[in-house]
Amino acid sequence: MERIYADRKYIIIGFFLLIGLVFLIRLFYIQILVDKYILSSNNNVLRYMTQYPARGLVFDRNGKLLVYNEAAYDLMVIPKQVKNPDTMALCALIGIDKQEFINRLQKASNFSPYRPSIFEAQITRENYGYLEEKLFLFQGFFVQSRTLRKYTYPIAAHTLGYIGEANPDLIARNSYYKSGDYVGISGIEKSYEDILRGKKGLKIRVYDVLNRDKGSFREGKYDTTSVAGTNLYSSLDADLQAYGELLMTNKKGSIVAIEPSTGEILCIVSSPAYDPNLLVGNIRKKNYTQLLLDTVYVPLFNRALMAMYPPGSTFKLVDALIGQQEGVLTPDTRYSCNGGFPIGNGKMVACHRHPSPLDLIGAIQTSCNGYFCRVFKSIIDNRIYASTRKAYESWRKAVMSFGFGKKLGIDIPGEANGNIPTPAYYDKYHGKDRWRSMSIISLAIGQGEIGITPIQLANMAAAISNKGWFYTPHIIRAIGKKDSLNQAFMQKHLLAVDQRYFDVVIEGMANVMTAGTGAAVKLDSITMCGKTGTAQNPHGKNHSIFIAFAPKDNPQIAISVVCENAGFGATWAAPIASLMIEKYLKKQVKRKEMEERMINGNLINGKLPESETGQGNILQD
Amino acid sequence: MENYRKVRQDKGIFYRIDWILVAIYLGLILIGWVNIYAAVYDENHHNIVDLTQKYGKQMIFIIAALIIGLGTLIIDPKFFSQFAYFIYGFFLFLLILVIFSGREIAGSKGWFAIGGFGIQPAEFAKLGTCLALAKYLSTMDVDIRKIQNLFVASAIILFPALIVLLQHDTGSAIVFLALVIVLYRAGLTGIVPLAFLVLPMLGILALMIPKLILVGILALVVLGYYFFSDRKIRTILISIVLFFSSVGFVFSVNYSVNHILEPHQRNRIYVLLGQDTDLKGAGYNVNQSLIAIGSGKLFGKGFLQGTQTKYNFVPEQSTDFIFCTIGEERGFVGSAIVILLYMGLFVRILLLAERQRSRFGRFYGYGVASILFFHFAINIGMTLGLVPVIGIPLPFISYGGSSLWAFTLLLFIFIRQDSYRYELI
Chain A
1 MERIYADRKY IIIGFFLLIG LVFLIRLFYI QILVDKYILS SNNNVLRYMT
51 QYPARGLVFD RNGKLLVYNE AAYDLMVIPK QVKNPDTMAL CALIGIDKQE
101 FINRLQKASN FSPYRPSIFE AQITRENYGY LEEKLFLFQG FFVQSRTLRK
151 YTYPIAAHTL GYIGEANPDL IARNSYYKSG DYVGISGIEK SYEDILRGKK
201 GLKIRVYDVL NRDKGSFREG KYDTTSVAGT NLYSSLDADL QAYGELLMTN
251 KKGSIVAIEP STGEILCIVS SPAYDPNLLV GNIRKKNYTQ LLLDTVYVPL
301 FNRALMAMYP PGSTFKLVDA LIGQQEGVLT PDTRYSCNGG FPIGNGKMVA
351 CHRHPSPLDL IGAIQTSCNG YFCRVFKSII DNRIYASTRK AYESWRKAVM
401 SFGFGKKLGI DIPGEANGNI PTPAYYDKYH GKDRWRSMSI ISLAIGQGEI
451 GITPIQLANM AAAISNKGWF YTPHIIRAIG KKDSLNQAFM QKHLLAVDQR
501 YFDVVIEGMA NVMTAGTGAA VKLDSITMCG KTGTAQNPHG KNHSIFIAFA
551 PKDNPQIAIS VVCENAGFGA TWAAPIASLM IEKYLKKQVK RKEMEERMIN
601 GNLINGKLPE SETGQGNILQ D
Chain B
1001 MENYRKVRQD KGIFYRIDWI LVAIYLGLIL IGWVNIYAAV YDENHHNIVD
1051 LTQKYGKQMI FIIAALIIGL GTLIIDPKFF SQFAYFIYGF FLFLLILVIF
1101 SGREIAGSKG WFAIGGFGIQ PAEFAKLGTC LALAKYLSTM DVDIRKIQNL
1151 FVASAIILFP ALIVLLQHDT GSAIVFLALV IVLYRAGLTG IVPLAFLVLP
1201 MLGILALMIP KLILVGILAL VVLGYYFFSD RKIRTILISI VLFFSSVGFV
1251 FSVNYSVNHI LEPHQRNRIY VLLGQDTDLK GAGYNVNQSL IAIGSGKLFG
1301 KGFLQGTQTK YNFVPEQSTD FIFCTIGEER GFVGSAIVIL LYMGLFVRIL
1351 LLAERQRSRF GRFYGYGVAS ILFFHFAINI GMTLGLVPVI GIPLPFISYG
1401 GSSLWAFTLL LFIFIRQDSY RYELI
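Going down the list, the protein sequences come from chains A and B. Once you know that position 235 of the first sequence is 235 in this note's numbering, the rest is easy, because the numbers rise by one and skip nothing. Position in the second sequence (first residue = 1) + 1000 = this note's numbering.
Chain B on its own, in the form it takes in the complex (with noise of 0.2 Å):
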């Protein structure tokens, strides 16, 4: 134990940190702060320092996000798991808060004015959660097979996410959503994630084919399976409890999307449905992003020379849209590498995270890829018209710098907590 913590010291704060983890995130966000640049290019600001543009100002934002990760892996791994519960009281606490006293940009009442910066605490919100589940699950005697521990943990995720569906940020609520990858890697019964997959595909057919014919689909699908049964007693009850909830979905469905849900909301659902095709109305932006990256074929225009985002038909572009630049200035060859670097930490996260010998480590790193996992699939899904257009940043590459720190956060604790794993013996 002496002969550690020599080496330790000796080493210092960069000993044994997983440079591979830290190569991908420093090359995503330099990714993001030239196509920043780009995306908002002005001529009468070239310099990519001017200080009173978004490429100036996501330059302190990086620094700033580089001095946090590095204040990260001083502060001692323990901390994270020993406060956990803390931490994710303390960012309910203001998530509350924002509620009463926060400023409203974009329809979402989620923001905090500090000094000229807005500061947004559900990016936070996810990290205290990440950090809250990861040490539940880790608690002895927890078994998410259990349904009271199934209850407590759907709690943690649910509840932040409710709070933030409250501010009107429908985008930021359904990441939370991503954690039940975490479940499912802790032992919960594989239904659960694949209704999250069956769920919205039906859904999708609810808004798509009259009701009726659906019932009767499904009708048909039960009863076959039904028939290629055992057929005793319990398949039987299996067969009509599932029927019965499937037409209740599909009704349920339905009726929210056309009553509940915003006309916005709906619209953009239409759209990606293909039933909606007013490309002035709802369906601009999508239109719009798909000309922007489709246009960029196989090298793209060339650094600055992508017309459809440089002349503003692309709305967002240095934020939600930021993926657009990417694919009309580096066309195919660009956007595919971007995409290959999100795989290559996902993919490391979930490795790193498997060889952890804490639990607390390993569900951590678990959260950590879900969660960036969520905001690549839905930004991208969302550029190319793949999914709805919700507003949710790209890691590490959009515009913005709540949503870096939170995400330098979220990777720099767990970069820490790899770095430490030999010591928990």
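Just chain A, with the same shape it has in the complex (with noise of 0.2 Å):
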């Protein structure tokens, strides 16, 4: 009778199989087109560990230990795992009040109650201590280690630079960092951090539905181990920058020494500075807000790189070459100076007094305004050029040579380029080539729109010991065992310059330190050569100024040294630079006087002696 009903065989047959095929379909689906499981899976057991590896060390150039790291500890909390805890107790341990104590407990819930977040970060090794003793009455709470930057000396900060927690906006441009990770912010932290941070490692470990560690994921197959940073060696003389920041206490400006052979810079002091160490670890945040809003000093401002200065008198120097260089001035050209240098109107670039007419030499020594006036006027007025506007392009690119008007590109971030203005900025001042060589005048002894860095001023004095070229300045001479020093640091630049011109600019300069503005300051047992310059400055008392190098046949040092609002080049700069030059060279200063008054002196609240506010080089009616 049910044969009747045989053909139903067909549609329970159908139905049995439209249900596994609707299985088939959902399994293709859960498996192979959508993501989402196999990452939940992932999510579920696998916690990856990071080993942070023990960033690079960074050496001085005599082989002292500058930078180095030492044990820190993160507080972790699982929240999950938190029970009872002696809230008190824990808030006494790491100096919070309750309700920060819930706050962060709350904040590492929000994450994830099963998984570890940080709840005190960088613990010092003294702290750890104590907590480490109280540790097992916190369940849930444990300690993982990382490591804290640290400073042997308290110096360079500037340069050294910090670390710091990566931002959201790294991570998100750089997948190497992680939320956590430190990363340079400043110095030569940042700009060798590929160098100094090593690669990380990293440990999967599994965990059970328990949280419980079930040990290796695939037995460590895909683990790999972190690799130390690379050590810097830098070529900073630690003495060195540790005296020229105790000759700048108090005083606004900097000192930049560099090695004329190699380019190596021996010291770059910013001051006001600060104790590199005040950044570092749980109390940098704090630290830098205050270094930050110190307006008066404004500390984290590295002045060696990023402030312009007009270069004042110490700027003839280039006159002197470019002039010889151009064919408008010789060895004996003489120019009579009577207390100045005409510019119509009445008015006058004054000058001192001294014996005139003086050859090239003599006007070096003498600083003579009104000598360079009419050698800048002969450079532009030079009539092989069709225009003073061929002839003023001819000029600037003559002192960019020099490397000024651009960064050099040295190896540590923030410089700035300096300024050399361009014809189109005079067009825009005076109308389109309605300017003529009086109209820029101000150029000649430094003044004006000109704008150079310390750091290049003592580049300028290297490339001139050195007889017209120069190497790229930079801190780190090697990096690692092997001298893998970047290539741009070992080209040479060429000044626009012949070396036959520089003798007598030279020996300009050594007059300089034997009978001329440098005379107070020099030292009988070295041969130095120096250039004062008196910068005027809008804002207030004119910048001490000083470049140097020496010994004069066989120069090992050139310096430039800045002292902000500290009138004449030869009362502040000179003498520091002088100090600084027989630190480096002598290894102790015997000048004891010298060194005492120029420690002692205070540039930013002190109140200085009438007769030492510079007038010098200023643009007079």
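Source of the hints: derived by calculation from the structure; they are not laboratory data. These numbers come from a predicted model, not from an experiment. You may find that some hints are simply not true.
Stated by the list, open to error - If you want the ones that stay clear, here's a sample from chain A, every Cβ over 12 Å from chain B, calculated:
(1) F23
(2) N42
(3) M76
(4) D208
What the hints assert, rightly or not - Here are the simulated DSS-like cross-link-like pairs (lysine-lysine), alpha carbons at most 30 Å apart as the crow flies:
(5) A:K481 <-> A:K150
(6) B:K1146 <-> A:K214
(7) A:K36 <-> B:K1297
(8) B:K1297 <-> A:K178
(9) B:K1146 <-> A:K9
(10) A:K592 <-> A:K552
Unchecked claim - Estimated spans, in silico, between C-beta atoms of each pair:
(11) A:P113 <-> B:I1238: 55 to 63 Å
(12) A:D97 <-> B:I1048: 36 to 44 Å
(13) B:S1252 <-> A:D223: 56 to 64 Å
(14) B:E1262 <-> A:Q51: 47 to 55 Å
(15) B:S1252 <-> A:L33: 34 to 42 Å
Note that the Cβ used here is the ideal one computed from N, Cα and C, for glycine as well.
With the hints as a guide, dock the two chains, each given alone in a separate frame, to form the complex.
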């Protein structure tokens, strides 16, 4: 009888097969089409534990350790495992209040109740001692070791820089960085980040449903070990740097010293400075804010690289060199100077009293304004150029070959360009081609729109001492064991001035130290070459500037010193430069009286004797 | 006849056995054993025959099941049809007995403790019901289209189901409903199985959209039916009855889910409907199950490499959620092979059932296929998040003695019937 219903077997078989098909489609969907589940699966069981490498160390040129790592500890919490903690005791241990404790636990809980979050970052070794004894009392808390950057000496903060946690922006940009990683933020910590940071390792651990560690994932097949960062050998001389910072106590300004034959930076002082250890670990944020808000000292501002000053009379050396190269000046050229250089309308660039007329050496020695205004005028008014503009462009190109008006490309971040005005700038100011040599005559004595950074000034001193070339200044002389220095630092840059024109200028600079504006700071045992400068400053007293190199015949150090609002170049910058040279070449300073006067001189909030207020190369009515 | 006997004796008990079914059966229990090993793998007990572990025990269960299977092939096939009611009665008796003297495991009071093992009479009651139903339907003059016969057939099915339900074993109780497929094949009007498909859908809608809107939709459907029909009095009456019974159903589903079902069952239903996304509460099992299977991708993570199952993220992984281990470690390919094996099993049983010369053999075959299919559909549907979490084993694969033995018995009685079919001329 049920034979009548035999066809129903097809319906039943069809129904069974349909369900099977639905399952296959569903399987295909969740296993092949969507990735959600494999991701959740990994989230469930795998804990990616980063193995942080030790950051590379930094040594000075004599092998002294400048930057190293010290163990620090992050207090971690797994919110789900926290059970009846003695809140008050823990708060007391790490110095927070109860509300903060609740907030942090809530924050960690929001991230994940089952996974560790940082509860208190970077606990120092000393504080960790107390914590460690009590830690067993606090279920759900444990410590994870990290390293803290430490600085052996409280010097060179701007150069060495500091590290901090990678921000979300960087994490989005660079896949190497994950939340909680440290990255160099300034100084060589930043510029050599790739070398210092080493290579992070990864351990993948498997955790079961109760968050118990079940060992390595696939016997550690995918684990990688961390590789420590590479050490850096700096050209910095820690003693010289410390001495420079000491001399600059209570002064705004900078000292940059370079080894001319290599371009290696020996010291780079920016004052006021700060102790680099202030920007380390969990005190960094607080101290950074404090340093940032200090608008009087502006300690975070790296004057040596970022501050632009008119070079003042130090720029006359450039006039002398370019004038000779352009064929409008010879060592024997004499110009008379009767108290200055008239610039029309009864105005003149004033000059001080000195014998007249002078030859080139004499003009450098006495820093004659009138002489160099005439030299500059003859460069710009040179008939071989079709126009003032053409002549100016040629001059500008030559000036920029000294490394002015553009970044030198040193290995410390934050360098400023400086400024050598373009013809377009003068067009804007005076009208298209409506400017002549007399319109821009203040450039002759390093005033006006010209802006040069202390590192550029020191580089100029080095280039002159080398008689026409320089290596790009750099702070790192070797990376790791091998001498794999950036090729850019091994490339000679030639000035647009031939070697033969330097001798007379160097002679002039030597005379500055024996009988000229720098005579007061001469040192019998070392033949120094120098040039003073006094830069006008519309905001206050003149800046005291000095550049020098020594010894004359075998230059080992070229230096620039800038003291803001300190008056004549000869009063502050020259003695400091001289002391620095003595310190570097003789290892100890014998001129204790001068040294003491420099260290104790307070140019920020101390009162200066009236006689030391510079009133030098100013434009007078 | 003399000739026949001779041949039979020569070929022994394996004569005319359907080897395809036996091969699929062996394949599935082997897959089960290996995956139970993978699911509860413990490095300290890595020997698959370690008797202190579930995989060692499962090996014993399998050996016992094979003996049961062989034993079934020896028994005279007529025994099962002749003693069908007796067997049914015997298991009913055990089912009632277990309520009073049984042991409670996992919230259901349906276990006898014999030695170290638990025996679950409910698993065997399905077999008894299947036999009894086949016996009844194959009785002369029984026509399922007659209301009194339908009543008796329904009673045979529902009586044990009700007792199992009393033991709080909802899953096993639902499986009895699978036998409606047998009734359908016997001639029951198609409305009943259709209702089995439509009513759950209406029930789902009742829980997902507001009642009044649903009533409105139902009214439109019934009105539409009326306007496109012949508009006779009978049609009007059918329409009205249909409408009111649907509305009644909607309200009763809503009421029973929210007021009669136990909280964990209610949650399971809402989780499935996507109305409850508490992944740490009721939705946890399904979510972890999906993660385990979904993370298997095409070829799986490899033997013993399934992290979700190995580290206990998936609950009940050797029993109800054994398919997760297969999905995670063997991927889509392995999962598909298992599903295709089941499809082969079901279709083979149905085709063999159709070639039976005895009505008993045919109905029994349909019963076997239906019960196995329901277990398969609910179990895998549950791990794939398509069916509410109902704890019933995956035939031949899940860990457990009772279910393996009951399923073996169920299948081998049919194989025995099939091998004997030529002697029934």
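Now the hints, each set against the structure:
The claim that F23 of chain A lies off the interface is violated: its Cβ sits roughly 5 Å from the closest Cβ of chain B, which falls inside the 12 Å cut-off. For N42 of chain A, the condition that its CB be more than 12 Å from all CB atoms of chain B is violated, with the nearest at approximately 8 Å. The Cβ of M76 of chain A lies farther than 12 Å from every Cβ of chain B, with a closest approach of about 22 Å, so its non-interface assignment holds. With a closest Cβ-Cβ approach of about 4 Å to chain B, D208 of chain A is found to fall inside the 12 Å limit, against its non-interface label.
For the suggested pair K481 of chain A and K150 of chain A, the alpha carbons sit about 22 Å apart, so the restraint of at most 30 Å is met. Annotation: proposed proximity of K1146 of chain B to K214 of chain A is violated, straight-line Cα distance about 64 Å (limit 30 Å). At roughly 11 Å between alpha-carbon atoms, K36 of chain A and K1297 of chain B fall within 30 Å of each other, so this suggested pair holds. Distance hint between K1297 of chain B and K178 of chain A is fulfilled; the C-alpha atoms sit about 28 Å from each other, no more than 30 Å.
The suggested pairing of K1146 of chain B with K9 of chain A holds, with an alpha-carbon distance near 21 Å, which does not exceed 30 Å. A hinted pair counts as satisfied when its Cα atoms are at most 30 Å apart, and K592 of chain A with K552 of chain A qualifies at roughly 24 Å. Here the CB-CB span from P113 of chain A to I1238 of chain B is close to 57 Å, well matched to the stated 55 to 63 Å. Separated by about 58 Å at the C-beta atoms, D97 of chain A and I1048 of chain B break the suggested range of 36 to 44 Å.
In this structure the hint that S1252 of chain B and D223 of chain A lie 56 to 64 Å apart at CB holds, the actual value being about 59 Å. At about 50 Å, the beta-carbon gap between E1262 of chain B and Q51 of chain A stays in the expected band of 47 to 55 Å. In this structure the hint that S1252 of chain B and L33 of chain A lie 34 to 42 Å apart at CB holds, the actual value being about 39 Å.
The structure does not agree with the numbered hints 1, 2, 4, 6, 12 stated previously, though it agrees with the rest.
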